[in-house]
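Residue numbers (my numbering), protein chains in the order written: chain A, 1 to 261; chain B, 262 to 522.
Check the hints yourself; a few may be wrong.
Stated by the list, open to error - A partial selection of chain A residues facing chain B, derived with a Cβ cut-off under 10 Å:
| no. | residue |
| --- | --- |
| 1 | 11 |
| 2 | 180 |
| 3 | 203 |
These aren't lab readings, by the way, just hints derived from the structure by calculation.
Don't be surprised by glycine CBs; every beta carbon is placed ideally from N, CA and C.
Protein chains: 2
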Amino acid sequence: MNVLLVFAHPEPRSLTGALRDVAVAELTAQGHRVRLSDLYAQGWKAQVDRADFPVLEPEERLMVAAASGRAFAAGALTADVRAEQEKLRWADAVLFQFPLWWFGMPAILKGWVERVYAYGFGYGVGEHSDRRWGDRYGEGTLAGKRAMLLVTAGGWAEHYGPRGINGPIDDLLFPIQHGVLFYPGFTVLPPYVLYRADRLDAAGFAAAAAHLRERMRTLETTAPIAFRRQNGGDYTIPAMQLRPGLEAPGATGFALHRTER
Amino acid sequence: MNVLLVFAHPEPRSLTGALRDVAVAELTAQGHRVRLSDLYAQGWKAQVDRADFPVLEPEERLMVAAASGRAFAAGALTADVRAEQEKLRWADAVLFQFPLWWFGMPAILKGWVERVYAYGFGYGVGEHSDRRWGDRYGEGTLAGKRAMLLVTAGGWAEHYGPRGINGPIDDLLFPIQHGVLFYPGFTVLPPYVLYRADRLDAAGFAAAAAHLRERMRTLETTAPIAFRRQNGGDYTIPAMQLRPGLEAPGATGFALHRTER
Numbered sequence: 001m002n003v004l005l006v007f008a009h010p011e012p013r014s015l016t017g018a019l020r021d022v023a024v025a026e027l028t029a030q031g032h033r034v035r036l037s038d039l040y041a042q043g044w045k046a047q048v049d050r051a052d053f054p055v056l057e058p059e060e061r062l063m064v065a066a067a068s069g070r071a072f073a074a075g076a077l078t079a080d081v082r083a084e085q086e087k088l089r090w091a092d093a094v095l096f097q098f099p100l101w102w103f104g105m106p107a108i109l110k111g112w113v114e115r116v117y118a119y120g121f122g123y124g125v126g127e128h129s130d131r132r133w134g135d136r137y138g139e140g141t142l143a144g145k146r147a148m149l150l151v152t153a154g155g156w157a158e159h160y161g162p163r164g165i166n167g168p169i170d171d172l173l174f175p176i177q178h179g180v181l182f183y184p185g186f187t188v189l190p191p192y193v194l195y196r197a198d199r200l201d202a203a204g205f206a207a208a209a210a211h212l213r214e215r216m217r218t219l220e221t222t223a224p225i226a227f228r229r230q231n232g233g234d235y236t237i238p239a240m241q242l243r244p245g246l247e248a249p250g251a252t253g254f255a256l257h258r259t260e261r
Numbered sequence: 262m263n264v265l266l267v268f269a270h271p272e273p274r275s276l277t278g279a280l281r282d283v284a285v286a287e288l289t290a291q292g293h294r295v296r297l298s299d300l301y302a303q304g305w306k307a308q309v310d311r312a313d314f315p316v317l318e319p320e321e322r323l324m325v326a327a328a329s330g331r332a333f334a335a336g337a338l339t340a341d342v343r344a345e346q347e348k349l350r351w352a353d354a355v356l357f358q359f360p361l362w363w364f365g366m367p368a369i370l371k372g373w374v375e376r377v378y379a380y381g382f383g384y385g386v387g388e389h390s391d392r393r394w395g396d397r398y399g400e401g402t403l404a405g406k407r408a409m410l411l412v413t414a415g416g417w418a419e420h421y422g423p424r425g426i427n428g429p430i431d432d433l434l435f436p437i438q439h440g441v442l443f444y445p446g447f448t449v450l451p452p453y454v455l456y457r458a459d460r461l462d463a464a465g466f467a468a469a470a471a472h473l474r475e476r477m478r479t480l481e482t483t484a485p486i487a488f489r490r491q492n493g494g495d496y497t498i499p500a501m502q503l504r505p506g507l508e509a510p511g512a513t514g515f516a517l518h519r520t521e522r
């Protein structure tokens with residue numbers, strides 16, 4: 001497979017960096033082709049602003065979705081954004097590797113999403129009718145590709161458990177896994193999450209690396225998270241409500257949107 | 262009250278900008294003092310990197326929490342970060358206004374959190390023992406101050422409802438309201454959320470502005486979200502598990518961490 005690794009840590013000598021090297025080595029050993037987007041090393045511009053849309057007139061009001069759609073359609077997005085879109089089209093699988101900061105992606109990676117997912121590419125794709133509501137949530141530009149998060153967290157696993165104070169990790173990652181990955185079409189694999197990342201000793205690293213290698217070896221075969229496809233009949237259109245009776249037993253909140261808990 | 266408004270939109274002529282003017286005018290009319298952090302206008306640096314920590318030696322490995330704590334303790338954070346911390350100390354209430362992009366804060370605001378919430382200021386505060394696990398989740402540097410989100414979203418309200426495809430808005434905002442605001446001590450008010458923001462007509466704007474004015478008039482009196490305090494006895498230490506039997510009827514996931522649903 002062609003594998004793109006999007007990496008968002010400012011320090012290559014970090015634990016996150018060491019795990020990246022483990023992942024890349026294992027993927028290469030398995031015969032995959034690997035490309036890297038190292039956001040800090042590339043000097044990635046984190047925020048969306050006027051400079052992203054050279055098509056705008058100097059006095060024109062910036063409406064991000066409209067400007068993004070116009071620039072994408074005209075092939076006039078900036079070169080850094082077009083390069084990332086090209087890598088996404090090339091990839092069969094995309095890994096997003098980052099430390100969990102304040103219960104989400106680092107700003108630089110969030111800005112990668114905001115800039116690379118142009119209107120017409122990451123959203124605003126497909127027809128709206130009484131049977132379809134655009135190509136999203138399981139359909140879209142990135143359909144057929146696998147995606148997976150590689151996350152390092154400072155807190156304890158228990159703190160991210162079903163009754164842990166931080167909230168369950170699956171729910172904390174839902175806005176990313178469902179809202180950022182499944183939305184434009186990715187098939188989303190269960191994440192690799194390493195806890196207490198800042199207290200890891202040598203034995204802990206060896207175990208973490210072994211687990212990561214195993215996940216890399218099974219990248220093509222791991223069963224994905226069973227998110228419901230938007231246009232598959234489970235939701236009313238246009239209100240986009242899950243139809244009565246479809247929820248898994250006991251499921252509420254985000255868990256409604258998976259066919260198993 | 263002293264009110265800080267942290268604003269994250271690249272276009273002052275946007276709907277978000279118009280609502281900001283409504284909020285500021287109403288707060289001023291009520292006799293509050295208002296200060297603004299307009300992140301795009303200030304040219305806020307979105308990403309955390311080495312440049313944030315002049316205390317680091319050139320060849321020294323960047324460990325963000327450690328470097329942040331050292332710089333904070335030495336008064337050696339960068340001037341832009343220290344200015345934001347001073348505004349937070351000055352404020353009795355803080356409003357965070359932004360468009361919901363990819364189900365979260367814009368990157369520039371996420372980066373404000375990552376940089377301003379230094380170790381020793383936003384986290385890493387207080388003692389750890391068998392009765393306390395640091396000053397966080399209801400205690401901390403920002404305790405006694407109110408915080409509230411002002412959010413504009415492109416999608417329909419139904420899509421963010423209890424069974425809507427995007428997931429419930431309260432759950433989507435939990436990583437921010439609980440993880441970013443309650444964590445360092447803020448008292449968190451229910452958010453102001455405006456849906457279908459890109460399709461608003463004049464009548465819709467008048468209604469949205471009236472609702473926003475009402476929320477600004479009641480900023481001091483609105484009942485906060487009833488998040489559970491970490492060190493109040495509801496959680497085991499150090500596993501930080503919600504004790505059995507404390508959940509509100511039917512609550513799972515994020516809702517466990519509120520005393521009412």
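If you take the shortest Cβ to Cβ gap from residue 203 of chain A to chain B, is it below 10 Å? violated (21 Å)
Less than 10 Å between beta-carbons is the criterion; does residue 11 of chain A satisfy it with respect to chain B? holds (4 Å)
Minimum Cβ distance from residue 180 of chain A to chain B below 10 Å? holds (5 Å)
Comparing the model with each numbered hint stated earlier shows that hint 3 is the single one that does not hold.
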